[in-house]
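Residue numbers (our numbering), protein chains in the order written: chain R, 1 to 311; chain A, 312 to 656; chain V, 657 to 1176; chain E, 1177 to 1485.
To be clear, the hints were calculated from the coordinates, so they are not data collected in a lab.
One or more of the hints may lead you astray.
Stated by the list, open to error - No farther apart than 30 angstroms at their CA atoms in a straight line, the calculated lysine-lysine pairs in the DSS-like style are these: (1) A:K545 x R:K111; (2) R:K292 x R:K155; (3) R:K292 x R:K264; (4) R:K138 x R:K264; (5) A:K483 x R:K111; (6) R:K111 x A:K437; (7) R:K306 x R:K168; (8) R:K155 x A:K463; (9) R:K155 x A:K483.
Claimed, not checked - Residues from chain R that keep clear of chain A, each with C-beta distances beyond 10 angstroms, as calculated: (10) R68; (11) Q273; (12) D280; (13) G305.
Unchecked claim - To give an idea of the interface, some chain A residues facing chain V are shown, with a C-beta separation under 10 angstroms as derived from the structure: (14) L501; (15) T520; (16) E531; (17) P533.
For every residue, glycine included, the Cβ atom is placed at its ideal position computed from N, Cα and C.
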Amino acid sequence: GESLNTSASSADSSAAAGGKSVLISSQPEGDAFGDLVFSGLQKLNGETGIEVKQIAGVQPSAYEQQVRAAVQQGYNPVVVLWDDLANVVTSLAPSFPDTNFMIVDSYIDPKLANVETVVIDPTQAAYLAGIYAGNATKTGTIGFVGGAEQPVIEKYRCGYLAGAEAAKPGVKLLTSYSGSFTDPTKGQQVANSQISQGADVLMHAANKSGLGVLQAAAAAKKTGIGVDFWQGDVAAGSVPWSALKDAGTGTYTAAKNATSGNFKSGIFTWGAQEGAELFDQRDLDGLPADLKPKMQTAIDDLKAGKITLNC
Amino acid sequence: MSRVLRYVAAAAIGLFVASLILSLQGYSAGAFLEVLRMATIGSPYAFLDVLRWTTPLLLSGLAFLIAARVGYFNLGVEGQIYVGSLFSALISHLLPLPPVLAILAGIVAGIAGGVLWALPCAWLAKRWGVNEVVTTLMLNYVAVLLCTFFVKQFFLAKVAGGGTIQTITTDKIEANAELPVFTPFSGLNLGLLLALIVAAVAAFVLMRTRTGYELSAVGEGPRFSQFSGIPVHKRRFQAFLVSGAVAGLAGAIETQGVLHSFIAGSLDNMGFNGMLVSLVAMNNPIGLAASAFFFGILQNSQLVISQATTVSSYLVTVVSALFILAFAANPTRFLVDTWRARRER
Amino acid sequence: MPDQQSPAVSYVELAGISKSFGDVRALDDVTVTAPQGRVTAIVGENGAGKSTLMKVLSGVVTPDRGTVRIGGVERHFRTTRDATLAGVGMVYQETALVAAMSVWENVVLGWEPGQRGILRRKHARRTVGELAERYSLPVPLDAHAGDLPVSIQQQVEILKVLYRNADVVILDEPTSVLTPQEREGLFAAMLNLQAEGKTLLFISHKLDEVLASAHHVTVMRHGRIVSSQRNDELDRRGLARSIVGRDIAPIDLGTRPERGATVLSVQHVELGALHEGPGIREASFEVARGEVVGVAGVSGSGQHELLQVISGLVAPDAGTVVLDGRTRKEVDSASDPAATLPALRKAGMSHIPADRNAVGTLRRRPLWFSALVGRLDDPEYCRRGVIRRPAARALAERIIREGGVKASGPDALPESLSGGNLQKFIVQRELLSDPVLLVAEEPTHGIDIGAARDLRQKLRDVAADGGAVLLASTDLDELLETCDRIIVVFDGRIVLDADRQDCTEESLGAALTGLSAVPA
Amino acid sequence: MNGEFASIGALLLFVVVAGFQSATPIMFAATGGSFSAQVNVFNVALEALLLGSAFAAFLVADATTSVWLGLLAAMLTGTLLAALFAFLTVTLGANEIVIGFAMNIAVVGLTAVLLTTIFDSPGSYLSATAGKFPMLYSDIGWLAVLAVALVLLGHLHTFHTRAGLRMRAIGQDPAAALAAGLRVNSYKYRAVLMSGLLCGIGGAVLPLSGLQLFSVGMTAGIGFIAIAAVILADGRPLLAGAAALFFGFTSAIGIALQTYGFPNELVLSLPYVATVVALFVKAYVTRRRAAAAKAAQRERGQARILVNA
Ligand SMILES: Nc1ncnc2c1ncn2[C@@H]1O[C@H](COP(=O)(O)OP(=O)(O)OP(=O)(O)O)[C@@H](O)[C@H]1O
Ligand SMILES: Nc1ncnc2c1ncn2[C@@H]1O[C@H](COP(=O)(O)OP(=O)(O)OP(=O)(O)O)[C@@H](O)[C@H]1O
Ligand SMILES: [Mg+2]
Ligand SMILES: [Mg+2]
């Protein structure tokens, strides 16, 4: 059988291309967003053959140990996901100047020479979803279900609200939280409470709990809006739009730069103007004729940087 | 002697099953032993990491043990650790102090947090005879929600450069309040010393002093205690609060030694692991240290497996659970009996 | 005197039974027979093997050797169920009822009437009621077993056996907890059973009742049969000698001193009926130095509660308790037993509780642990909060030695001691502190005659040394033999307070049942 | 926030539907847990039993497209897991809490691994083929009716059958039960296996009611809520069922309140706080009565205990 591929003592920090890269994320494996980000590294592996690995499901109190071990095992760049790990990288990076770190989907920029922050902004995609919702609502009431009331979830909500108001001024937005990102039943119930108050288009930002939101919308013959990746297949026919978070390509682009000697520290924003995908072509193609041009305009404006969202 | 044999047998069973699982995943039969080696003596720092994990386990185990000695099932160690962590992080922001004082203040605050969270359950149990198993379990959920709410409303961390923070966390504590680490290559910090001292004092008190005598008596024979003039309810109440205090201390040490801020959703399962530590030690203060060390190795091995192999992290938890099953599938009657004795009362 | 004339057939035959528990040879080649329609008594010292022998017969204990025959058929019991099916039922020394269940549920448990698993509650209850009536065992069918006095619980146990159609009924020390009246009731029931042709085996430490009820008496010592005789061949003295192996001297009452200073004064004590038992109304009496005062009462009369108040375990609702009141200091909080108890102990009170298992000792801690009761304020045993184990173990050793306790040492667990030996341990522990007032509740409960005599003598010695003793007992003989004065409690009131000379079994019996309502 | 329910009727309807929906699996588990509690086995493995059987139900329903076969598989799995729990605790005498927690951890891990191996979809898998249990009204399934029926049956079993009587006796006093000739361990097994069977049904409800979805750790603590219900009810199925409903309804009310602008964390903690408060009120009412009587007694005079100083 395969023997163990590493040993903690072999700490060679060769930053050369053809090295290896690791993604450390705070969600257990199977987390859809973590996998999305990792798909960026896998794409890199497909192209350049560099070894990639994903370490998942660790507790906050073990982050530091995991990051340190990754460095000692010679991974470069070490890619981490979200704030908690970003904080750990911030404090560890100065001790390991030979290793480059990438912080993905966070706004934390420690301003260190070996740390790059890859911001993947959800507000633009959420804005498009809002445009859709504003146009699609018949009752004038739309819903937003977050997994928990957190700043990053607020970004989705904020972009969504901006889009909806742009499409239908005075639209009423109901906001609720399922209190969990992993409980579809809770998501469904929260959505139902919004539906019983008249919401007819519901967007979620609640990961797996969101599946319940989409299900509830489908069951009540309302409209659901998917998030992060294309969710048109969740409750067939009732999720006509998904707000994508193009983390895979963003990570891929940054990691490719890093492994090819073009590592740049500082903030790297991956948005519409940089080529991020905000929606799935299938959704756009499926839009009703009257809505399609409006949506296309919004997309073009975002790409052109004509719309600034204060989120 | 039979006890030792028992544990050896359990370890053998655990090792066998763990190796089996790894070999099913395509690794060599000795892979798990290799993981264990790496996780304990594989590098100069591996052993320090084991001790780093032993630290909170020892304290959370002790927290559970103290309550169990008087017949309470403090399933709320989890929540008490969490609140302790929050308090310890907050005091650093609210009350900046010079080096040693800042550490002490954080620890005292953590202890206060743990006591605070144990207090309602302790009072309800003492004054109204409300079953603490339910109340402590429920308050765990409340602790998570309330701490999140509190931090979000009043103490949310600011991001350098004005960006948005994504998770609910406080700003980093002042450097003065951080527990010094022994080396930058391991998270092991001064907390270990604190934990060892507290555990040693607790073991002494429980096994050699009048207080310990009274607590054992209260836990095992309430009517005997009454007959002996021991204030049963008072002792049990005090033990409950001390249990909360030790849990809070565990939270403070994790915060000041490792996390350096309060992070919502952190410290997951630390309380429940502590409970297992204590139960595997059959609530014996001496066995507790060994048990915590054993769980420390297990925990560090989990991390090493995830670094060194591509085995699913879920499978790794299964392996740990199997170890625990092997160690527990044995007459750990003591606690069960205490529970029964309580029901009969 | 039981009828000796009609022919007796050996219904139960135990032959060559041996049983060892580890090193302890509990039964050594024991052969016993018991005829149908007769009472066969088994007597002997504590630990002689009586209970073990009966457990062999009832399927609880499997013998190492020997055979059991019931009605001529050889049986091999592996469980109590086997024995039950063969018609053997046993009422154990300690009642084994489910406290929170009703009487009728307890009786039918395990053999419930019903169809396809459905319990026929009405039918079951009626059957039990009829049975109770037939054997004149008046039990409240719907009361929770745990709420009943021991005597009634015992009747429930007997009903249980009868309900299972037992032909052989074993009663292990059924009388040790009964008052004289209750005992009469039990004997009446036993007569009924004989008349129905049941075979009765009866264990007791009380020779008078053995002689009064049994046709045959078998004496055991150290796991062997010492003698087996017909009642009419026996006399009390000879029987006692063959049990103990020597003559038993009557206890020395000493010369009664002049009435000394008051040690205990109880004035107008009241206790509500909320304390899981009966209340106390307007109780007042005094105990003087040099006195042994007996307290009698049918269970549930409040005598137990009265002693609990005096010993500080239960706070009275009203009234005053003064212990050795030359200079009176009020205990901080009369309502908090945790505060009053140590103060009372400090002032010289000692207490032998009725329940040796749950109250008197801590079952799973070594004996030295239980030896420390009331001594933790003594720097000899606990200095600066640290327990001095060598001293504690020495204390336990001393108690074991001076109390004649059979135990392996200070580290033995209380649960490993036989009931009688545990009782001796507790008694000696309480005597060791030279009490000013010794409150003794049922101190000879389950203790063999030799040991019981020694124990009563020790109580007398406490009084002779200038202390005072309050002795609660359901055994009127014991009270009449040991006490200077006897108080009778009925329905929460003290209905009799008289010198021993003025008491007879009859007068006490009348007071116990409230027939002579002459207030003290 | 800004919401107002279209009508009070819609609000009530929502609460009833969501309340029953949340309570359904808890009712099954709590009734099952009651049986264990009756024989004084502290069944901490309820969560594991639920999750294991949820996975089995999902797996079989996905493969066969029959929810009923899924239900069967769940019942089987629940029972088997319960048998393991009973073997370790009753026969080997291991601590119920340790075994329960270890089983919970192990089952989360195992189902996660199996999900990845079988469906190649780590984390969660949405089945297109697994059906859905028939719904009675909106999100209240017929299985909710079954849950209520089983609560009632559980009550009958407890108080009106031989086995129920024996189990209670065993739980309250094993020594007395043994003395009455009962085979204590076999009844313990029986009770724990019944827990497993019922948790099996409860587990099947989870992935086959709303979404045909299994996600890792999808029980999300409802096993512990069921344990709380059992303890609250002291092992009486009727009360445990009521406690499960109480929990379901408070959490539904919490969700409804969110849209009225109450901070969501506070509202989400409602069911937990309500449980504690309910326990307090229960204790308060019983003790107050006793204390009042005691106080009346005390008015007759002050008690004093004097000793020689
Ligand atoms: N506080 C105490 N003071 C005195 N003796 C004690 C105390 N606690 C326990 N003991 C008793 O002392 C004996 C020797 O105890 P040791 O110190 O080895 O404790 P143990 O038996 O290992 O621990 P445990 O108290 O958990 O049973 C034990 O039988 C124990 O019952
Ligand atoms: N289960 C047991 N394990 C070990 N020893 C036992 C057990 N049962 C009885 N013995 C021992 O066997 C001997 C006989 O005990 P048994 O209970 O038969 O005495 P007994 O005559 O009934 O005494 P008593 O009058 O005190 O009830 C005693 O030494 C006792 O300690
Ligand atoms: Mg006996
Ligand atoms: Mg006896």
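| task | Tell me, in ascending order, the numbers of any earlier hints that this structure violates. | result | Violated: hints 1, 3, 4, 6, 10, 14.
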